[in-house]
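Colleague: Using the sequences and the hints given, assemble the complete structure.
The sequence shown begins at 1 in the numbering used here and counts up by one.
These are computed hints drawn from the structure, not numbers from a lab. Beta carbons: idealized from backbone N, C-alpha and C, even for Gly. Don't take each hint at face value.
Said to hold, decoys possible - Derived CB-CB ranges, DEER-like:
| hint | residue 1 | residue 2 | range |
| --- | --- | --- | --- |
| 1 | N181 | N297 | 30 to 38 Å |
| 2 | K117 | D48 | 47 to 55 Å |
| 3 | N220 | P155 | 22 to 30 Å |
To be verified - Straight-line C-alpha distance at most 30 Å; calculated BS3-like pairs for lysine-lysine:
| hint | residue 1 | residue 2 |
| --- | --- | --- |
| 4 | K170 | K291 |
| 5 | K278 | K14 |
| 6 | K82 | K170 |
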Amino acid sequence: MLDNENLIDLSLYKVFYLVCQNGSFSKTAKILDVTQPSVSYSIKKLEDELGIKLFERGNVLIKTPEAEELLPYVLEALNSIKNGERKINDLINLKKGQISVGIPSHIGVFLLTNIIKKFNLSYPNVKVKVICKSTKELFRLLSLNELDIVIDCSPLEENTKDFVVKKIAKEKCGLACNIKNKDLLDRVVLLKEIEKYPLIVPLRTSSSTKYLKEVFNYNNVSFEPRFEIATSDMIAEMVEQDIGIGFLFEKTIAKYSSLKKINIDCEFPTFDIFLIHKVSLLSTTAQEFIKFLSKINI
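Modeller: In structure tokens:
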């Protein structure tokens, strides 16, 4: 516990954060409805307390390297306080509140819509915010408390030692073509035959594409995708347009009546789906969302 001598003046850090966000003392003063000298005084006081310079003053306000280093910690602290306020509000009325969920788009397209629909029936007043980003960015936002929960698939290449990781589902991928391609349907297709068709896959940095490459390499088949696409919906739409063969989760393929899974002569990867969150700082609403996931059939 902090004693009185070590208590932190959070108002100074709030001013620091806003100056970083706005790049201006005057803009920050308008937001806080105070005078510009008051903002300047707060920054000078914080600099004196820390013993460092935070900004280079001039025609353009520039953050010093020390300010750049400090900023993520200040943002995490301010978000933690915001989450604490949310938790108190949730305790007042459990069925009100909000939750922020991060998920890569190629999973969210088939997984999260159904979950949110069911959750909304039980908690109609809860606001749900969904952020679709890369795994690396989602973990960064989770670390800063800007997300309550992340849902992602194996393999989890980010460091998870500071998080709770819980498996919630298992999903399979496959190759899909337009139903017009009769030569690829109603029979077992050799993986080698796929070389003749334009291949549409997620970005090479994605876990699903890395697994697909391993399957091709293991079966001595050349892996040369024609298209690398960031979202599953766009891959599916390209297959609908008969541009090529797409690599998709089976549940995504099932969403499109004009697509059909190709029966390939080898085993395709299965991915574990994980729910990830911080050990602490979960709001009551987020805890209820996690309990809800454990009760439903994903």
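Colleague: Hint by hint, say whether it matches the structure.
Modeller: For each hint, the structure was consulted:
Against the hinted window of 30 to 38 Å, the Cβ-Cβ separation of N181 and N297 comes to about 33 Å, which satisfies the hint. Checked against the hint of 47 to 55 Å, the C-beta distance between K117 and D48 comes to roughly 54 Å, which is consistent with it. The hinted range of 22 to 30 Å is satisfied by N220 and P155, whose Cβ atoms lie roughly 23 Å apart. Of the pairs offered as hints, the one joining K170 and K291 holds, with about 18 Å between alpha carbons and a cut-off of 30 Å not exceeded.
This hinted pair checks out: K278 and K14 have alpha carbons roughly 24 Å apart, not beyond 30 Å. Restraint check for K82 and K170: the C-alpha separation of about 34 Å exceeds 30 Å, so the hint is violated.
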